[in-house]
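Undergrad: Residues 243 to 584 in our numbering are what the sequence shown spells out, letter by letter.
Take the hints with a grain of salt, since some may be wrong.
Quick list of in silico lysine-lysine cross-link-like pairs, DSSO-like style, CA-CA up to 30 Å [unchecked claim]:
#1 K246 to K290
#2 K465 to K376
#3 K542 to K425
#4 K246 to K282
#5 K465 to K425
#6 K376 to K290
#7 K542 to K376
Pair by pair, the computed Cβ-Cβ distance ranges are [unchecked claim]:
#8 H565 to P488: 39 to 49 Å
#9 I573 to N269: 26 to 36 Å
#10 N561 to E382: 56 to 66 Å
In short, the hints are calculated from the structure, not lab data. We treat Cβ as the ideally placed atom computed from N, Cα and C, and that holds for glycine.
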Amino acid sequence: MPPKRATLADVAALAGLSPTTVSLVLNDVPGTRLSPDAVKRVREAAHKLSYRPNPAARSLRAGKTRTIGFISDEVTVTRFASAMIRGVLDSAEQANHTVLIAETGNDLRSERTALNTMLDRRTDGVIFGLMGAKEIDVPETPADVRVVILNGSSTTGESTILPDEYAAGRAIASLLIQNGHRKIALLGAYREAIENPRVSTTVGRRFAGLDDALSEAGIDLVKRVTIELWEPPEGYAATMQLLDEPQLPTAIICLNDRLAFGAYQAIQERGLRIPEDISVVSFDDEEIAAYLRPGLTTAKIPYEEMGRQAVDLLLSSSNDELHRLVAMPIIERQSVRRLLDS
Numbered sequence: 243m244p245p246k247r248a249t250l251a252d253v254a255a256l257a258g259l260s261p262t263t264v265s266l267v268l269n270d271v272p273g274t275r276l277s278p279d280a281v282k283r284v285r286e287a288a289h290k291l292s293y294r295p296n297p298a299a300r301s302l303r304a305g306k307t308r309t310i311g312f313i314s315d316e317v318t319v320t321r322f323a324s325a326m327i328r329g330v331l332d333s334a335e336q337a338n339h340t341v342l343i344a345e346t347g348n349d350l351r352s353e354r355t356a357l358n359t360m361l362d363r364r365t366d367g368v369i370f371g372l373m374g375a376k377e378i379d380v381p382e383t384p385a386d387v388r389v390v391i392l393n394g395s396s397t398t399g400e401s402t403i404l405p406d407e408y409a410a411g412r413a414i415a416s417l418l419i420q421n422g423h424r425k426i427a428l429l430g431a432y433r434e435a436i437e438n439p440r441v442s443t444t445v446g447r448r449f450a451g452l453d454d455a456l457s458e459a460g461i462d463l464v465k466r467v468t469i470e471l472w473e474p475p476e477g478y479a480a481t482m483q484l485l486d487e488p489q490l491p492t493a494i495i496c497l498n499d500r501l502a503f504g505a506y507q508a509i510q511e512r513g514l515r516i517p518e519d520i521s522v523v524s525f526d527d528e529e530i531a532a533y534l535r536p537g538l539t540t541a542k543i544p545y546e547e548m549g550r551q552a553v554d555l556l557l558s559s560s561n562d563e564l565h566r567l568v569a570m571p572i573i574e575r576q577s578v579r580r581l582l583d584s
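Required output: the full structure, derived from the provided sequences and hints.
TA: Structural data, given as structure tokens:
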């Protein structure tokens with residue numbers, strides 16, 4: 243039979259003090275004016291009895307459960323955004339909170355069930371984490387339950403955490419411009435991703451950053467290739483098409499790393515070199531980007547930091563800040579050549 247769990251009364255009896263005094267010490271209540279000796283006796287008694295506070299009782303007293311709900315569309319079953327979960331868990335642990343995780347697979351009924359489960363457990367707030375940044379409908383929640391959309395937005399104005407795609411687009415284009423490139427092609431543009439927030443709430447900002455930087459430098463793209471499915475085979479086929487054009491670009495901007503993987507294959511299959519003949523830049527910083535030869539220069543989606551920021555925003559006592567943009571660092575590797583005439 244397992245040993246009986248020690249109670250506050252047991253600690254008080256061993257310390258020779260009242261339960262009220264023990265509670266004041268163990269809950270670190272400020273301004274109690276208790277003697278150092280009393281505090282020491284309580285701490286020693288609690289340690290000797292392996293006393294652990296009852297979280298349910300503490301929650302009733304404080305009106306908080308110190309739990310966070312994390313409802314994912316498909317984050318937990320993909321390799322791409324595991325860092326997002328790591329950021330959420332690490333930040334919650336630092337704030338002494340526990341995270342309850344549910345996966346919905348983009349099913350609205352599962353999402354409603356998951357949310358109800360979180361609400362039944364009186365979580366202090368709920369984070370909706372999305373694999374692809376898009377606009378979603380958030381089920382109705384009580385007014386006192388704070389909601390944060392992580393890597394997405396909503397139709398009803400909940401707080402959001404998003405990567406700063408506009409700044410990243412500007413930075414990627416500026417990197418090529420600063421290295422002397424003016425004959426630049428773009429792989430991956432398509433209208434629905436830019437204009438429909440249900441498809442993407444961030445890609446339009448990425449294009450705006452790219453276009454503004456190029457326009458300010460007086461540069462027109464030599465080719466803008468429309469691609470709806472951003473995967474390596476499509477990147478390969480589009481690059482092969484691009485290499486058949488009479489005017490070759492000196493640099494290619496790919497809208498994600500998977501398109502860039504395909505571009506690498508096509509360029510090298512044609513006997514051209516990266517970056518000596520054609521430079522390649524991209525977005526996302528998937529793990530394999532570092533293992534390509536040469537390594538791929540790309541704008542990193544900061545999943546881990548976004549997860550941390552989501553917890554911080556959820557637990558913030560201020561309602562002044564509703565939306566945060568998280569910087570996307572440019573990971574410079576060896577895929578960009580500096581032109582001699584730059």
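Undergrad: Indicate, hint by hint, whether the structure satisfies it.
TA: We went through each hint and held it up to the structure:
Restraint check for K246 and K290: the C-alpha separation of about 14 Å stays at or below 30 Å, so the hint holds. Of the supplied pair hints, the one linking K465 and K376 holds, its CA atoms being roughly 27 Å apart against a limit of 30 Å. Restraint check for K542 and K425: satisfied, since their Cα atoms lie roughly 24 Å apart, inside the 30 Å limit. Under the criterion of a C-alpha separation no larger than 30 Å, the hint pairing K246 with K282 is consistent with the structure, at around 24 Å.
Distance hint between K465 and K425 is fulfilled; the C-alpha atoms sit about 9 Å from each other, no more than 30 Å. For the hint linking K376 to K290, the alpha-carbon distance of about 52 Å lies beyond 30 Å, and the restraint is violated. About 18 Å separates the Cα atoms of K542 and K376, which keeps this hinted pair within 30 Å; it holds. Take H565 and P488: their Cβ atoms lie about 46 Å apart, and the range 39 to 49 Å holds.
With their beta carbons about 46 Å apart, I573 and N269 fall outside the hinted range of 26 to 36 Å. Checking the proposed 56 to 66 Å range against N561 and E382 shows it is violated: the Cβ atoms sit about 19 Å from each other.
In summary, the structure is inconsistent with hints 6, 9 and 10 from the numbered list given earlier, while agreeing with the others.
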